[in-house]
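A.B. asks: These are the residues of each chain, in order.
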Amino acid sequence: MNIEFNLNGSVQKVVITSVERAIDVLTRQCGIKSLSGTCLEGQCGTCLILLEGKPVYSCLMPAFMLRDHRVETTEYFTKMREYSLLNSELTKEGSALCSSCHNGIMLMGMMLIRSVPAPTRGEILSSLSNVHCDSIDPDDFADAVLKIIQDLGIARKMT
Amino acid sequence: MKEHELLPFEQLSVPGMLYACMVRAVLGTGRILAIKTPPLPTGYSLVTADQLPFKNELWIEDIPIPLFASKSVLYRGESVGLIIGPDPLVVEELASTSVVECEESTSIVDWHTISSSDIAARIDFSRGQKPSDGQVDSTTTNTLEFSSYLNIEPHELTFHSDIGAIAEWDYDKLKLACPTLWPEHTRTCIAEMLGTSVKDIEIAMLQMHDSSELYAWYPSLLAARAAVAAWVFKKPVKLMVSIKRERKYLPRIHGISLHVRSTWSKDTHRLLRIDCRFAIPVGAYPIFAKLLLKKTVSFAANSIPDTALSIVGFAVRVNTVPMGALESISTAAIYGMIEAHIARAARAMNYSPLELSQSTFSKKESAGIKIARPLLQRTDFYRKYAAYEQIYKRNPGEKEAMLRAISFSIAHQNSQVLLPSAANKAQIQLMLDRNLRAVLESDAAYSSERLKTALKFRISQNLQIPAGHIALENSRQSHPEAIPLISSSGMAILSDLVCRASSRIQRMRFREGLPLTVRTYSLLKHEVPLEKISKSLLRPSIGAAILEVEYDTRTAIMQHMRLEILAYAGKILSPAHATSAIRAAGLAALRACLIGAYPESESFNDVYTSILSQTVIHVDLIDDEKASISRPLGDLAYALVLSCFLEVLQQLRDSDRSLLPFRPASTMLAGVNRR
Amino acid sequence: MNLSEIHYPRSLQELMLLLEREWHIQIVAGGTTFGCIQISRYLSFEPSIVYIGQIPELRSIHKTERMISFGAACTLSELEHVYPFEHGQARKLLHAIGTPAVRNIATIGGHLMYGKRFLSLWALLACFDAELEFRAFSKTSTKNIWYSADEMGMPTIESGRLLTRIRIPLQSIDHLFIQRIGGAVFPDGDGGYLVSVATIDRRTISNFKLVIAGPRAYRDFDAEQRIIAAPYPLPARIMQTVMRMYAESLRKTNFWNVELLLPLISQALEALQRSTE
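Residue numbers (numbering that gives the first Met the number 0), protein chains in the order written: chain A, 0 to 158; chain B, 0 to 674; chain C, 0 to 276.
Just so you know, the hints here were simulated from the structure itself, not pulled from any lab data.
Please note: incorrect hints may appear among the correct ones.
Claimed, not checked - With beta-carbon atoms standing in for the labels, derived distance ranges:
| id | chain 1 | residue 1 | chain 2 | residue 2 | range |
| --- | --- | --- | --- | --- | --- |
| 1 | B | G42 | C | Q53 | 54 to 60 Å |
| 2 | B | F53 | A | S9 | 45 to 51 Å |
| 3 | B | R508 | A | M79 | 52 to 58 Å |
Said to hold, decoys possible - Okay, derived cross-link-like pairs now, DSSO-like style, lysine-lysine, Cα gap no bigger than 27 Å in a straight line:
| id | chain 1 | residue 1 | chain 2 | residue 2 |
| --- | --- | --- | --- | --- |
| 4 | C | K208 | A | K53 |
| 5 | B | K570 | A | K91 |
| 6 | C | K115 | C | K62 |
| 7 | B | K198 | B | K35 |
| 8 | A | K146 | A | K53 |
| 9 | A | K78 | A | K146 |
| 10 | A | K32 | A | K91 |
| 11 | C | K91 | C | K138 |
| 12 | B | K265 | B | K54 |
| 13 | B | K383 | B | K369 |
| 14 | B | K174 | B | K233 |
| 15 | A | K32 | B | K174 |
| 16 | C | K208 | C | K62 |
| 17 | B | K247 | C | K115 |
| 18 | B | K234 | A | K32 |
| 19 | B | K243 | B | K54 |
| 20 | B | K243 | C | K115 |
| 21 | B | K172 | B | K265 |
| 22 | A | K53 | B | K243 |
| 23 | B | K247 | B | K289 |
| 24 | C | K142 | A | K53 |
| 25 | A | K53 | A | K32 |
| 26 | A | K32 | B | K243 |
| 27 | A | K78 | A | K53 |
| 28 | B | K70 | B | K247 |
| 29 | B | K172 | B | K247 |
| 30 | B | K383 | B | K265 |
Fair warning: this is a prediction, and the values are worked out from it, not measured in the lab.
Every residue gets a Cβ at the ideal spot worked out from N, C-alpha and C, and that includes glycine.
Let the hints inform the model, and build the full structure from the sequences given.
C.D. replies: And the structure:
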């Protein structure tokens, strides 16, 4: 059947079947390159997308749930200034993020920087738990995100 | 096929490509009676061994593995063929609903009970005189003896990465794309299978994930399967592996069954003797069997050179998927057990465990304790250890609701086992042109993005050019025996070669002008005797760790864990990369101790998934700028975590048996059916 | 591959009309159960499926003076700031279900209607006297959550009914004890939760519940009645009597690991004794 949804700011019209997972539609029909369906059980985080601004595992979602929703992937953020700032901060000192986690971690970082003004450290660490990455130090990630937010002067969230 | 460096394998496609999934014999083993597939739509086919135009075997480490089981199935899950077609979902459905009927039942050989016909390899190591039966050494009549048993079940690799292979034939040239950290192995063994030259096989570079043992030899088998399928159909073929569906049939990390007995002198507080016997299951095909035995023994033997030692080890063939990881918790098991015995002996003799450790290990390695002092102070180890021990002494045998334990361990990783033959075969070529653009030609082109970034960063620092001006290209010189990048020894050698090459170019460029090309070989050339190997290559890396846990005795769950690791590893290529690697290995080791289950996943303890995600792990590195080479760190984290964990188990349970994985108590009565 | 017909009702009324026509239609809310459990890349459903995640009536949260009610299609993350998940331990229980990415699409209705076992939140909601509103044809019925367990304590789901809302009476809780037990919780595994709640009113325990839920559900109403109306702190003899009652009733089930659970029940009661400290 035909469905429409908003992907990275533009409307997508795709033909889906009930058997497809959201990740299959996004990668095969919509040309998204940043996703990978490795575990298919919501463990690894390589399939993370933002659905209405919230992270979800596209490998667990049936494709038909995409209808009329707003979806964002890493591609949406790569040209933004915050993205390059975050990437530099996380990959300073000649290190690089683990390839399997890179997209997921950057997506979480961008979500925190853009959607939630001044997230708490606990919220940052909670978001990082969406990505199964053994090699990143959670404190390094939290420090990087908080530093970017401070540098960009984003207003504190009203509680 | 283009080089899609930034694409994950799953996204890769070639025009006209067919998809393939493996048909596996999951019901039983033995002689194949029938392969039953659902009705295949037009355009879909089954390829089996009898249709192969080439030999149905791939030689891996002197072990022939059939591409597809033809007459009989040796292990449950062995592939008997491929379903190939244009739609990946249809192909997967057809492959998963195909049934392979075999003659025998599905009982799995118990690798704890070894019969001589199951032994694939054996190692005997002894040092010092063995006391004869009934004879008592008059100088050591006042002795203590400890005996314990450790069982680590084979466990899964952590899957973060795509696996599979794409093969395309261009007349008689084969183009492959497969995630692999051992490209030369893939090229060489496939060339041998096809009867062609390695120059006719090209492997595309892909976005590689971090080191995973799955990338050792398994990609070569997948690539071979894709290659023969592409030959049969005269079209590119993408062999897909679903980690979720085929998890049980993918190579696993081997376990170990280990008995250790240690004899101590009460008078001198010295370790007199260690006797060990162990068995490692290697699956149906004993790949790496001898290497694993050698590594397991040498890791321990090299650290206690002055102690009488006898070790007998077996690699046991079992009718399961082939196993083996070059660096894993099992290869560090004997070492870990010795550490645990040191802790036990210290408590029994009322002696300081650190002093006992210092006197047990050789003087060279006891430098680890000096390195560990800041760690001990920062974590307040002495006070906590005394406090927790007081609780134990106050209420021996009493049931306390919550127990705390803290343990300390030192480990040393030596490269000797993997290094000498591998060091022969490593070389790289580095070029710098007039536009200050550099090209590094080596197997590093196939490595993970993080290793590539670390190498580029070091080259950029040494040559003082932007990292963006550095490209990595395939190595044109084949070294089939070159140590794979997946092992930390390989990475250590590679980083040394890169550092030397870039330093040499920097020295020469202003004198000789550009362009410049430098080839660097590893320090050992095959005609040079072993004794002349630079000592720096053989110096061990040293690590220390402290593990603190809070344990709920009622539910048998480790509630909170805190792990601190300190590592000294020579001239580190990239501290961030090394820290991440140690952290990841530490988590993998904890996961193996707590969670790993075999053979089915029903007893998977997801309670520890959330506990591990909250575990605090802190890694410190000591970088030695004066050192000329970085040292391998791969086994270090495993040895440290296992030692600490075994000591913690001893403190909590005071038991001779250390059965891992560590399972919470069952909610149900034993033997009660669930439904 | 079996392809299914997909329906997207926009309102509860439209959904009920659809269900009236096709009672065997498969209901999908968050879809996490299917995506996680099904091994193949492709998903397999019944011939006809209805996606209810976008029906406003099933996503709303209402609070009155006496109770809070939330729709069955509310995601678990939407409930984080809602009674009773505001409490620290209950919030931790919610967080232990899965990562935020799972909680952002998993729904409370799907969680309670899993069918093969009682998932994490069931025991907590049972202790809070949650009521489940079901709709069938033109009839709406509200039942205590315990009606989804049969006399053996096994989960039971009546067909032909749609869970629409969950209601929880607002009550003052002075003691909340949550302990995870066993290994795996989801998918089907040997694990569960022990939850107890109590209300203390003028040195008397006015409310006490203790529920164990996992592969089955367990509760000893008689032991609870022994505690209710008892003075607070509980006298030692009542504690002993209650522990004996729990030991007997657990053994009678011939299912639960008494040696594991008795010390935990004791721990819960000790926590109750200290709850106003």
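A.B. asks: If a hint holds in the structure, say so; if it does not, say that too.
C.D. replies: The hints, checked one at a time:
1. B:G42 x C:Q53: 54 to 60 Å: violated, 38 Å
2. B:F53 x A:S9: 45 to 51 Å: The hint (45 to 51 Å, Cβ to Cβ) holds, given that F53 (chain B) and S9 (chain A) are roughly 48 Å apart.
3. B:R508 x A:M79: 52 to 58 Å: violated, 39 Å
4. C:K208 x A:K53: violated, 36 Å
5. B:K570 x A:K91: holds, 19 Å
6. C:K115 x C:K62: Outside the cut-off at roughly 31 Å; violated.
7. B:K198 x B:K35: It is violated: about 39 Å lies between the C-alpha atoms, which goes past 27 Å.
8. A:K146 x A:K53: Between K146 (chain A) and K53 (chain A) the Cα gap is close to 22 Å, so the pair holds against 27 Å.
9. A:K78 x A:K146: holds, 20 Å
10. A:K32 x A:K91: holds, 25 Å
11. C:K91 x C:K138: With Cα atoms ~36 Å apart, K91 (chain C) and K138 (chain C) exceed 27 Å; violated.
12. B:K265 x B:K54: violated, 62 Å
13. B:K383 x B:K369: Answer holds: K383 (chain B) to K369 (chain B) is near 20 Å, not above 27 Å.
14. B:K174 x B:K233: holds, 13 Å
15. A:K32 x B:K174: holds, 23 Å
16. C:K208 x C:K62: Measuring from Cα to Cα gives roughly 23 Å; hence the hint holds.
17. B:K247 x C:K115: Holds, at roughly 24 Å.
18. B:K234 x A:K32: Holds, because 24 Å separates the two Cα atoms, which is no more than 27 Å.
19. B:K243 x B:K54: Since the Cα atoms of K243 (chain B) and K54 (chain B) sit roughly 30 Å apart, the hinted pair is violated (cutoff 27 Å).
20. B:K243 x C:K115: holds, 21 Å
21. B:K172 x B:K265: violated, 69 Å
22. A:K53 x B:K243: holds, 25 Å
23. B:K247 x B:K289: holds, 25 Å
24. C:K142 x A:K53: violated, 33 Å
25. A:K53 x A:K32: Roughly 20 Å between the alpha carbons, so the hint for K53 (chain A) and K32 (chain A) holds.
26. A:K32 x B:K243: holds, 21 Å
27. A:K78 x A:K53: holds, 20 Å
28. B:K70 x B:K247: holds, 22 Å
29. B:K172 x B:K247: violated, 34 Å
30. B:K383 x B:K265: holds, 26 Å
Checked against the numbered hints given earlier, this structure breaks hints 1, 3, 4, 6, 7, 11, 12, 19, 21, 24, 29; the rest are met.
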